[in-house]
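Line by line, the protein sequences are chains U and B. This note's numbering numbers the first residue of the first sequence as 3 and each following residue consecutively. This note's numbering numbers the first residue of the second sequence as 1422 and each following residue consecutively.
No wet-lab data here; the hints were simulated from the structure. For glycine and all other residues, C-beta sits at the position ideal for the given N, C-alpha and C. Wrong hints could be hidden among the right ones.
Below, a list of computed lysine to any residue pairs in the SDA-like style, where the Cα atoms sit at most 20 Å apart [to be verified]:
id: 1; chain 1: U; residue 1: Lys73; chain 2: B; residue 2: Met1520
id: 2; chain 1: U; residue 1: Lys59; chain 2: B; residue 2: Leu1424
id: 3; chain 1: U; residue 1: Lys72; chain 2: U; residue 2: Asn30
id: 4; chain 1: U; residue 1: Lys11; chain 2: U; residue 2: Gly98
id: 5; chain 1: U; residue 1: Lys11; chain 2: B; residue 2: Leu1424
id: 6; chain 1: U; residue 1: Lys11; chain 2: B; residue 2: Pro1460
id: 7; chain 1: U; residue 1: Lys59; chain 2: U; residue 2: Leu71
Derived CB-CB ranges, DEER-like [stated by the list, open to error]:
id: 8; chain 1: B; residue 1: Lys1477; chain 2: U; residue 2: Gly98; range: 21 to 27 Å
id: 9; chain 1: B; residue 1: Val1449; chain 2: U; residue 2: Arg111; range: 48 to 54 Å
id: 10; chain 1: B; residue 1: Phe1431; chain 2: U; residue 2: Phe12; range: 36 to 42 Å
id: 11; chain 1: B; residue 1: Ser1451; chain 2: U; residue 2: Pro63; range: 43 to 49 Å
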Amino acid sequence: NAGVTQTPKFRVLKTGQSMTLLCAQDMNHEYMYWYRQDPGMGLRLIHYSVGEGTTAKGEVPDGYNVSRLKKQNFLLGLESAAPSQTSVYFCASSYGDRPYEQYFGPGTRLTVT
Amino acid sequence: TQLLEQSPQFLSIQEGENLTVYCNSSSVFSSLQWYRQEPGEGPVLLVTVVTGGEVKKLKRLTFQFGDARKDSSLHITAAQPGDTGLYLCAGARDNAGNMLTFGGGTRLMVKP
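Use the sequences and the hints to build the structure in full.
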């Protein structure tokens, strides 16, 4: 099993450009999450999904959109990138009955210039 | 202001020493997790504690959940260079079990 995979691993965007980050999991997890990690701030939840076709806002949702069309995939979109969105983005997934035990992907390092 | 405060933020010790990392909050959590993250990788779950006063041991690592479920500690005995990494605590609250709040992390370096 590959677990949780993320593409791409690195990306550089110019201010105002858009992009989509893809997360895939092969563990049949019901829940999926997108976090951002900034130095000294741990991980902050952007959006999450408790099932196919459902999404919800986390702690820092502004400037991001998500979609979960298939159970195994969770997409994070930036419509108009800003330098403040420079960060490392992590996707995670979990079973619905143990949502606090999350499995993380390797991360995507995004730089917005 | 973070709900979960970790201390210390940085720790550099020699191989064989013992250390304790703290995770404190004014909020009550239904469960608390400890993760370890290595450079260029995502966090990996080490342990979950759910009962106030609970103590769990994982080889040389001992995890404790405070009686009031507001704080936790991670103690490493005889640290090894392989323990080097970023240690993160994360808490789930009763009314939002699927949303974790992470601490800022403790970066540990164990020198040979």
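For each hint, the structure was consulted:
no. : hint                                : in the structure
1   : Lys73(U) to Met1520(B)              : holds, 19 Å
2   : Lys59(U) to Leu1424(B)              : holds, 18 Å
3   : Lys72(U) to Asn30(U)                : holds, 11 Å
4   : Lys11(U) to Gly98(U)                : violated, 27 Å
5   : Lys11(U) to Leu1424(B)              : violated, 30 Å
6   : Lys11(U) to Pro1460(B)              : holds, 14 Å
7   : Lys59(U) to Leu71(U)                : holds, 17 Å
8   : Lys1477(B) to Gly98(U): 21 to 27 Å  : holds, 23 Å
9   : Val1449(B) to Arg111(U): 48 to 54 Å : violated, 35 Å
10  : Phe1431(B) to Phe12(U): 36 to 42 Å  : violated, 26 Å
11  : Ser1451(B) to Pro63(U): 43 to 49 Å  : violated, 23 Å
The structure shown violates the earlier hints numbered 4, 5, 9, 10 and 11.
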